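These are the residues of each chain, in order.
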Amino acid sequence: SQTIHQWPATLVQPVGSPLSLECTVEGTSNPNLYWYRQAAGRGLQLLFYSVGIGQISSEVPQNLSASRPQDRQFILSSKKLLLSDSGFYLCAWSVFTGGTGNTIYFGEGSWLTVV
Amino acid sequence: GDSVTQMEGPVTLSEEAFLTINCTYTATGYPSLFWYVQYPGEGLQLLLKATKADDKGSNKGFEATYRKETTSFHLEKGSVQVSDSAVYFCALRNSGGSNYKLTFGKGTLLTVNP
Numbered sequence: 077s078q079t080i081h082q083w084p085a086t087l088v089q090p091v092g093s094p095l096s097l098e099c100t101v102e103g104t105s106n107p108n109l110y111w112y113r114q115a116a117g118r119g120l121q122l123l124f125y126s127v128g129i130g131q132i133s134s135e136v137p138q139n140l141s142a143s144r145p146q147d148r149q150f151i152l153s154s155k156k157l158l159l160s161d162s163g164f165y166l167c168a169w170s171v172f173t174g175g176t177g178n179t180i181y182f183g184e185g186s187w188l189t190v191v
Numbered sequence: 175g176d177s178v179t180q181m182e183g184p185v186t187l188s189e190e191a192f193l194t195i196n197c198t199y200t201a202t203g204y205p206s207l208f209w210y211v212q213y214p215g216e217g218l219q220l221l222l223k224a225t226k227a228d229d230k231g232s233n234k235g236f237e238a239t240y241r242k243e244t245t246s247f248h249l250e251k252g253s254v255q256v257s258d259s260a261v262y263f264c265a266l267r268n269s270g271g272s273n274y275k276l277t278f279g280k281g282t283l284l285t286v287n288p
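Taken in sequence, the protein lines are chains F and V. Take 77 as the starting number for the first sequence in this note's numbering and just add one per residue. Take 175 as the starting number for the second sequence in this note's numbering and just add one per residue.
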C-alpha cells in the first residue's frame, strides 16, 4: 500500500532563517506531488505541484520554493523565512493520470512557527 | 475560476444529533467532488467522494450526493458522535487544465458534545 511521510512534524524558526520540509511517498511510481499551506482561519492553498522529477509549478508567488530531486521526494524550502510563512504545511500525492476522480492523499502535516 | 463555498462554522451539536454541512461549488466542466476531514493536529483524510452527477458518496455513516442541478454536495450524518469532532473540507477536482489540483472550501469546524 502507499504511504506518505513528511517531516519535521513541528518546527519553530526565527525570521530570516532557512527552511527545509521533506516529503516522501512509498508504494507508487511517478506520482503527482503537492505542497499545500493551511494558515490560521483560512482554507488550504496550493503552493506547488509536480508531475515529474525536476518539474515544479508554482501556484502563487511567495517566499518559498520547491524541488523534486527524486521520483517520490518533494522538498519545500526557503532561504529566509518571514513571519507570514507561519502555518500548517501539507504534502500530498495522487496517481499520475488525468482522471478527476483520483483521490489526493495527504501527509500528516508540518507545523511551522516563525518567530 | 473554480470555487467551493461551504457553510461557516463553528457547528456545535449534541451527541446523536443530525448533521448537515452545506457545500456548493462553481466550476466549468465536470468536476469530481470530495469531503475531507481533519482531526485536531493531523493532516487531511478523505472521507468520501463522488465523481459524477447523482452519485452518492458514503463512509463512516456520512453521506453526500452530487447534485449538478443545484451545484451542491452537502454532507450529512444521521447521528453524530463525539469522535466526529473535526474540521470538514469540501473540495472539487476539475477536468481540463486544472485537473491536477483540489480546490477547497474554507472548512467547517464541528464540535460534538456528549
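Among these hints, one or two may not hold up.
To be verified - Here are a few chain F residues that face chain V, going by a calculated C-beta distance under 8 Å:
| hint | residue |
| --- | --- |
| 1 | Ala116 |
| 2 | Gly119 |
| 3 | Tyr125 |
| 4 | Gly128 |
| 5 | Thr189 |
Said to hold, decoys possible - Here are the simulated SDA-like cross-link-like pairs (lysine to any residue), alpha carbons at most 20 Å apart as the crow flies:
| hint | chain 1 | residue 1 | chain 2 | residue 2 |
| --- | --- | --- | --- | --- |
| 6 | V | Lys280 | F | Ser162 |
| 7 | V | Lys280 | F | Ala115 |
| 8 | V | Lys280 | F | Phe164 |
| 9 | V | Lys226 | F | Thr179 |
| 10 | F | Lys155 | F | Val88 |
| 11 | V | Lys230 | F | Thr179 |
| 12 | V | Lys280 | F | Gly163 |
Unchecked claim - Restraint ranges, calculated between C-beta atoms of paired labels, are given here:
| hint | chain 1 | residue 1 | chain 2 | residue 2 | range |
| --- | --- | --- | --- | --- | --- |
| 13 | F | Leu158 | V | Gly215 | 18 to 26 Å |
| 14 | V | Ser269 | F | Glu135 | 37 to 45 Å |
| 15 | F | Gly177 | V | Glu182 | 35 to 43 Å |
| 16 | V | Ser269 | F | Glu98 | 28 to 36 Å |
Hints in this document: simulated from the structure, not taken from any laboratory. Source: prediction; values computed, not measured. Glycine included, every Cβ here is placed at the ideal spot set by N, Cα and C.
Evaluation of the provided hints:
| no. | hint | in the structure |
| --- | --- | --- |
| 1 | Ala116 | violated (11 Å) |
| 2 | Gly119 | holds (4 Å) |
| 3 | Tyr125 | holds (6 Å) |
| 4 | Gly128 | violated (12 Å) |
| 5 | Thr189 | violated (14 Å) |
| 6 | Lys280(V) / Ser162(F) | holds (18 Å) |
| 7 | Lys280(V) / Ala115(F) | holds (10 Å) |
| 8 | Lys280(V) / Phe164(F) | holds (14 Å) |
| 9 | Lys226(V) / Thr179(F) | holds (14 Å) |
| 10 | Lys155(F) / Val88(F) | holds (15 Å) |
| 11 | Lys230(V) / Thr179(F) | holds (16 Å) |
| 12 | Lys280(V) / Gly163(F) | holds (15 Å) |
| 13 | Leu158(F) / Gly215(V): 18 to 26 Å | holds (24 Å) |
| 14 | Ser269(V) / Glu135(F): 37 to 45 Å | violated (18 Å) |
| 15 | Gly177(F) / Glu182(V): 35 to 43 Å | violated (28 Å) |
| 16 | Ser269(V) / Glu98(F): 28 to 36 Å | holds (32 Å) |
Of the numbered hints listed earlier, those contradicted by the structure are 1, 4, 5, 14, 15.
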